[in-house]
Amino acid sequence: MDADLTSAASIAREVRAGRATARSVVAERLADIASRNPAFNAFTAVLGDQALADAAALDATIAVGADPGPLAGVPFAAKNLFDIEGLTTIAGSKILRDAPPANRDATVVARLKAAGAILVGVLNMDEFAYGFATENAHYGATRNPHDPARIAGGSSGGSAAAVAAGLVPLAIGSDTNGSIRVPAALCGVFGLKPTYGRLSRAGVFPFVDSFDHVGPFARCVDDLAAAFAAMDGPDPADPVCQTPGPVSDDAGRSLRVGVLDGWFRTGATDEALAAVDAVAAAFPGAAPAALPGAEAARSAAFCITAAEGAALHRRRLAERPFDFDFATRDRLLAGLFLPAEAVMAARRVRRAFQAEARALFERFDLLLAPATPCAAPRIGEATVVINGQDIPVRANLGLYTQPISFIGLPALVVPVAGAAGLPLGVQLIAPPWREDRLFAAARALEAAGFGAVQLPR
Amino acid sequence: MTADPADIAALSAAGFALVEVPIPPACLPGVVANLAILARHAAIARAAPVDPRVEAAEVFRP
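Protein chains in written order, with numbering that gives the first Met the number 0: chain P, 0 to 456; chain L, 0 to 61.
Keep in mind the hints are simulated off the structure, nothing from the lab. We put the beta carbon where it would ideally sit given N, CA and C, even for glycine. Heads up, a few of these hints could be off.
In silico contact screen, one side only, chain P against chain L (beta carbon under 8 Å); selected entries [stated by the list, open to error]:
id, residue
1, Asp237
2, Ala295
3, Ser298
4, Arg328
5, Val348
Please model the complete structure; the sequences and the hints are all you need to start from.
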């Protein structure tokens with residue numbers, strides 16, 4: 000194979016044209032995963048035989064002249080909370096190891112496969128998706144490809160690390176409070192958390208039904224958009240999945256870009272804010288934008304997360320408390336004691352904050368905010384120093400992502416190289432259902448020189 | 000407010016009975032630490048200037 004087969008787009012182009020076989024592409028990826036994954040611990044299972052069989056079947060489809068799909072032969076991997084037919088969905092836990100295997104693929108996995116993509120394995124995550132670090136007590140920490148001494152972020156840390164390391168061009172993950180956006184930023188790749196209800200969560204192990212989203216990771220915008228397009232569409236199996244209505248056409252006009260201030264510029268390192276400013280500079284006329292209530296929104300998201308997560312795991316907490324990662328368990332146990340009144344108050348904050356965001360989108364088309372307050376902390380590090388203060392790592396990596404997912408806004412992380420060589424990320428945030436605007440803005444940034452952060456040589 | 004250990008023990012027992020999940024003693028320090036964090040967040044959310052008539056609907060649409 001002479002062509003550069005590092006992107007999903009190039010792989011699909013070559014496979015569709017018959018200049019490469021899906022089997023050869025997948026075999027090469029499997030060999031690379033076997034060789035390099037131990038350094039990152041991104042995968043918890045590699046599905047080699049099945050992937051090679053699926054690839055051979057796709058090649059046979061092409062041989063008889065049938066359309067193999069827009070992602071023909073593209074290897075991808077899924078966070079291990081997506082149902083994969085024949086595989087037990089462990090959701091980063093020890094407790095679910097003995098559960099029966101899934102009897103069908105999650106909707107978005109099935110749609111990627113139907114588009115021609117080949118599933119090569121499943122990926123590490125924080126236990127039950129409750130964390131921002133992917134320091135998993137049962138399966139080990141996923142290591143950041145930019146510095147293996149540092150975390151990959153979480154909870155979809157395996158997804159971000161696998162894409163950043165070049166093990167796969169595409170991966171999928173879930174985002175409840177920032178679990179796509181935080182690891183995408185810390186690993187220097189693109190990540191999309193779509194509008195709440197846009198992509199089906201059917202067959203995805205839940206965490207907080209009110210906030211759970213799924214979405215893709217990629218090293219370029221075209222690949223991210225192609226994965227999103229393949230997964231998009233209504234699904235009656237997920238009660239919150241909706242078909243969006245028509246949207247206005249942005250063609251021919253400049254976007255009004257707001258740079259979120261207040262909460263979104265408090266508590267971050269200088270380089271995290273510099274990353275936002277660098278992105279803002281690519282949009283002439285970008286102006287400061289106030290979104291009141293962000294701190295309360297983040298706290299309310301914290302409360303609803305604790306309550307819904309605890310409710311989901313109540314029986315497991317009672318029956319098998321010592322089979323949890325202790326950090327996950329103690330957070331969930333605490334959530335059992337949260338009074339209903341506090342949850343109701345948090346839901347009212349959600350309504351009010353949604354109204355604030357809607358008003359802001361009357362004046363702006365697109366908002367910018369940091370994805371994380373800092374670059375990737377070291378594995379095992381409990382606190383990081385930001386502006387001279389010791390800040391707890393696990394609690395604060397989602398400072399700027401939680402308010403956005405709280406009200407279901409679509410957000411796309413654009414990676415930016417930090418001054419110290421470690422990646423950072425900037426959230427592009429759009430009104431509900433405007434993923435098209437996020438892709439257009441991200442493509443403009445890519446054309447201006449932004450892109451996946453290169454690994455150190 | 001009460002500082003009587005008997006009252007506190009009774010209140011704790013009632014709380015545990017309500018959630019119906021026994022908290023293993025080894026977990027108590029971690030649970031208490033997380034409750035303190037939750038209490039802080041709940042206080043921030045309660046203090047938000049939100050009209051109490053705002054609907055707290057269970058089904059949310061963006």
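Evaluated hints:
no.	hint	in the structure
1	Asp237	13 Å, violated
2	Ala295	4 Å, holds
3	Ser298	4 Å, holds
4	Arg328	7 Å, holds
5	Val348	5 Å, holds
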